[in-house]
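K.L.:
Work the whole structure out from these sequences, hints included.
Listed here are the chains, written in short residue letters.
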Amino acid sequence: MIEWLLGIFLAIGVFFNLLASVGILRFPDVYTRIHASTKCTTFGTIFIVLAAITYSIYNWRLDGNIRWIVLAIHSALVVIFLVLTNPVGAHAIGRAARKSDIRPYGAVIDELEGYYEL
Amino acid sequence: MIEGVFFYSALVVMIGAFLALLRVFFGPSVPDRVVGVDTLNTLVVAGMVLLGAAYDRTIYIDIAIVYALLSYIGTLAIAKYLQGGLR
Numbered sequence: 001m002i003e004w005l006l007g008i009f010l011a012i013g014v015f016f017n018l019l020a021s022v023g024i025l026r027f028p029d030v031y032t033r034i035h036a037s038t039k040c041t042t043f044g045t046i047f048i049v050l051a052a053i054t055y056s057i058y059n060w061r062l063d064g065n066i067r068w069i070v071l072a073i074h075s076a077l078v079v080i081f082l083v084l085t086n087p088v089g090a091h092a093i094g095r096a097a098r099k100s101d102i103r104p105y106g107a108v109i110d111e112l113e114g115y116y117e118l
Numbered sequence: 001m002i003e004g005v006f007f008y009s010a011l012v013v014m015i016g017a018f019l020a021l022l023r024v025f026f027g028p029s030v031p032d033r034v035v036g037v038d039t040l041n042t043l044v045v046a047g048m049v050l051l052g053a054a055y056d057r058t059i060y061i062d063i064a065i066v067y068a069l070l071s072y073i074g075t076l077a078i079a080k081y082l083q084g085g086l087r
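So the sequence lines, in the order shown, correspond to chains Y and U. When the first sequence is numbered by this note's numbering, its final residue is 118 and no position is left out of the sequence of numbers. When the second sequence is numbered by this note's numbering, its final residue is 87 and no position is left out of the sequence of numbers.
Honestly, the hints are just simulated from the structure, not real lab data. Check the hints yourself; a few may be wrong.
The calculated DSSO-like cross-link candidates involving lysine-lysine, where the alpha carbons are at most 30 Å apart (straight line), are [what the hints assert, rightly or not]:
no., chain 1, residue 1, chain 2, residue 2
1, Y, Lys99, U, Lys80
2, Y, Lys39, U, Lys80
3, Y, Lys39, Y, Lys99
P.N.:
Following this line, the structure appears as structure tokens:
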């Protein structure tokens, strides 16, 4: 049963991480690439860390060693920091790209037209 | 025997990191390359968590925490530079 749970978590996580890489190769401009990469990598890494936590709690139930709990807590810290910092970094890249005068590809309406006077 | 699936997952994540590296090489503009580096950072953090669980080492996951925070600082610094100084 633990093999199935780990397999499902790792399959979801790895699939979404791979989807982010395909997304930044296939999308036409920088904003859609940010859209693909930041959300897919954050979601996929959440599931990868969930698999690591499941694995360490299972091993802690087997032998009762405290270092498995340390591994689980530190993995949870990784995903907390990643969820807090990854969207802010993506926002900063998108804002910097728009300020350095890169137009969105095929935009119907652009409300920031002429907003950033360089 | 369960550890093997972590190694295979780390291998697939590294294939994804190679695809992100292609965007860093062939990106037509500078923000495209920054997006590639940002994706690469998150994929490396995911690979470090997978390898730390595979080798049962907590110290690898500590390095993943530090790498996540430092890559965030680096992305913010490059974005601040691209938008034309500290504004």
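K.L.:
A separate judgement is required for each hint: does it hold in the structure or not?
P.N.:
Hint check results:
{"no.": "1", "hint": "Y:Lys99 with U:Lys80", "verdict": "holds (10 Å)"}
{"no.": "2", "hint": "Y:Lys39 with U:Lys80", "verdict": "holds (22 Å)"}
{"no.": "3", "hint": "Y:Lys39 with Y:Lys99", "verdict": "holds (22 Å)"}
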